[in-house]
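*Asks:* Given chain A's structure and the hints, the job is docking chain B onto it.
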Amino acid sequence: MIELNHISKDFGAGRRQVHAVRDVSLSIEKGEIFGIIGFSGAGKSTLVRCVNLLERPTAGTVTVDGRELTALSAKELRQARRKIGMIFQHFNLMPSRTVFGNVAYPLRGSGLSKAEIREKVQKLLDLVEIGDKADAYPRQLSGGQKQRVAIARALANDPSVLLCDEATSALDPQTTKAILSLIKHLNETLGITVVVITHEMAVVKEICGRVAVMEQGRVVEQGEAFSIFAKPKEPVTRSFIRTTSNLQKIEELIAQDSPIVRLKPGELIVRLNYVERSPSEPVISEASLRYGVVLNIIFADIEIVQGAPIGGTVAIIGGEREKVTAAVKYLIEKNVGVEVLKDARDAD
Amino acid sequence: MRETLINWMPHVMEQLPDLWEALADTLLMVLWSGAVSFLLGLFLGVLLTVTKPGAILENKPLYQTVDKAVSLFRSIPFIILLTWVMPLSRALMGTTLYVRGAIVPLVFGSVPFFSRQVESALAELDHGLVEAALSMGSSPWEIIFRVYLRESVAAIARGTTITLVSLLNLTAMAGVVGAGGLGDFAVRYGHDRNWADITNVTVVLLVLIVCIIEFIGGRVVKKTTH
Chain A
1283 MIELNHISKD
1293 FGAGRRQVHA
1303 VRDVSLSIEK
1313 GEIFGIIGFS
1323 GAGKSTLVRC
1333 VNLLERPTAG
1343 TVTVDGRELT
1353 ALSAKELRQA
1363 RRKIGMIFQH
1373 FNLMPSRTVF
1383 GNVAYPLRGS
1393 GLSKAEIREK
1403 VQKLLDLVEI
1413 GDKADAYPRQ
1423 LSGGQKQRVA
1433 IARALANDPS
1443 VLLCDEATSA
1453 LDPQTTKAIL
1463 SLIKHLNETL
1473 GITVVVITHE
1483 MAVVKEICGR
1493 VAVMEQGRVV
1503 EQGEAFSIFA
1513 KPKEPVTRSF
1523 IRTTSNLQKI
1533 EELIAQDSPI
1543 VRLKPGELIV
1553 RLNYVERSPS
1563 EPVISEASLR
1573 YGVVLNIIFA
1583 DIEIVQGAPI
1593 GGTVAIIGGE
1603 REKVTAAVKY
1613 LIEKNVGVEV
1623 LKDARDAD
Chain B
6 MRETLINWMP
16 HVMEQLPDLW
26 EALADTLLMV
36 LWSGAVSFLL
46 GLFLGVLLTV
56 TKPGAILENK
66 PLYQTVDKAV
76 SLFRSIPFII
86 LLTWVMPLSR
96 ALMGTTLYVR
106 GAIVPLVFGS
116 VPFFSRQVES
126 ALAELDHGLV
136 EAALSMGSSP
146 WEIIFRVYLR
156 ESVAAIARGT
166 TITLVSLLNL
176 TAMAGVVGAG
186 GLGDFAVRYG
196 HDRNWADITN
206 VTVVLLVLIV
216 CIIEFIGGRV
226 VKKTTH
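If you're matching them up, the sequences are chains A and B in order.
Under this note's numbering, residues 1283 to 1630 are what the first sequence spells out, in order.
Under this note's numbering, residues 6 to 231 are what the second sequence spells out, in order.
Looking at chain A on its own, in the form it has when it is part of the complex (with noise of 0.2 angstroms):
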């Protein structure tokens, strides 16, 4: 659905060049929900800038619904930028112009009747679950309600792909989680093939496919969300999923020497990390059985991304100390993660 060729994009000249996207190539399929993950400065904005040509690459192709947008002419782009929704952070609707002149704006010009378009603005007020809204004026609505305008004004023209520029990032939790299912909700129904641009690990794991990783301009790593989320290679992966699990807080426990993770001789803290798809096997239970070993789960942290659990739990081991050895060769065994954090074996 979208393909983006060896895209690069630079601002400015000479010295002062800034790379913003560097030779960046990425397969989009038809009715996915794709998610582009980055740090500020990154160059993620800039990236889905590029694909209906807000930013016209320095470099590079792109080609969406089978047109290479980098070829058309300025009034052919503006024709297929019709097919392209894209909502924005700060929502940007127009101030002077109620809900209703806000989502009628793109179909002015589009062949429609004034009844026609009275008719499908409010379908798609209704789509988006604020259909009593439509003569209020956009200050007098939340943030949230704003976001479900922008998407009911995007979605005007019948796009095939949305485009969402960190549309999640100035709402609360709450308000986020309603957006996202409402996105989902629209993909499941419309087919709508959904590209999401965020810095938070949260949005990825609610509700993307598959997700690529930006740093400096470039992706340096993609995948299916899980996988990424079990096994990140890259240390700005590493770094994006430990801002979303609890399990780091271990560390500043043990750091502050915390009595929960003060330790009798013999035992040790170890953080264990469920890589595979499907950890159906009780591995606690059974190294705790088998090698009659305590373990004393402090915390856990566990999340379904894409269907499957992903996760890990942190957990003092206590016992002989043969048995607590072979109960941690047990566990990497299973394909369990572990790390041990903090070790009394020694102690005595």
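None of these hints come from the bench; they were simulated from the model.
For every residue, glycine included, the Cβ atom is placed at its ideal position computed from N, Cα and C.
Treat the hints with caution; some may be incorrect.
DSSO-like, lysine-lysine: derived pairs with alpha carbons at most 27 angstroms apart [unchecked claim]: (1) B:Lys65 / A:Lys1415; (2) A:Lys1466 / A:Lys1405; (3) B:Lys228 / A:Lys1396; (4) B:Lys57 / A:Lys1357; (5) A:Lys1624 / A:Lys1531; (6) A:Lys1357 / B:Lys65.
Calculated Cβ distances over 10 angstroms to all of chain A for the following chain B residues [to be verified]: (7) Glu8; (8) Ala29; (9) Pro66; (10) Thr70; (11) Asp72; (12) Ile81; (13) Val90; (14) Met98; (15) Gly99; (16) His196; (17) Asn199; (18) Asp202; (19) Leu211; (20) Val212; (21) Gly222.
*Replies:* Here is chain B on its own, set in the frame of chain A:
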């Protein structure tokens, strides 16, 4: 009633027909040059906004030329501009006298000012709106009319109010070189003959006109802000 007025402002009552004529001249000058300046200034302000580097119709030579011309005319004191554009005024209007003769210099005096007002009004517009319009496939014309102008009505109304008040100021100066109007009236009678009541009444009238302009401007701003 009339007796009291004659007691209060004897010279004004004596020159009443002249006063009305001066008032009419001032209003005519403001209306005519205001209307022409509004259209020209709006055009130039939009031109500056959309041809700026990075804007939707980026055109560096055109932008630079208009920008420099506006700055040039902004920096010439009006009293000098008045005499400087006299030949042009004679060519266009056939005279440099009366209200007719004042229109050209007044337009030259207020268009650059109003262009900047429009430019800064449009600069207040969130660039995200332009980006959103582009993403929806709007053409540059559509963006000018449906986004820039439509979404900046209140800001442009504020700029228009300021410009009209300053234009009123300019008409008083134009009066000195033969255009008539309240400024000329106040100088001829109030200053030259030292009839203070004439100056005072003129000032009151000017203050009233400014109040009316600002009242109307304020209403427009209020009506168009949501």
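*Asks:* Each hint: holds or not?
*Replies:* Evaluation of the provided hints:
no. : hint                  : in the structure
1   : B:Lys65 / A:Lys1415   : 43 angstroms, violated
2   : A:Lys1466 / A:Lys1405 : 18 angstroms, holds
3   : B:Lys228 / A:Lys1396  : 25 angstroms, holds
4   : B:Lys57 / A:Lys1357   : 22 angstroms, holds
5   : A:Lys1624 / A:Lys1531 : 14 angstroms, holds
6   : A:Lys1357 / B:Lys65   : 22 angstroms, holds
7   : Glu8                  : 54 angstroms, holds
8   : Ala29                 : 37 angstroms, holds
9   : Pro66                 : 18 angstroms, holds
10  : Thr70                 : 23 angstroms, holds
11  : Asp72                 : 21 angstroms, holds
12  : Ile81                 : 36 angstroms, holds
13  : Val90                 : 38 angstroms, holds
14  : Met98                 : 38 angstroms, holds
15  : Gly99                 : 43 angstroms, holds
16  : His196                : 47 angstroms, holds
17  : Asn199                : 53 angstroms, holds
18  : Asp202                : 48 angstroms, holds
19  : Leu211                : 33 angstroms, holds
20  : Val212                : 32 angstroms, holds
21  : Gly222                : 17 angstroms, holds
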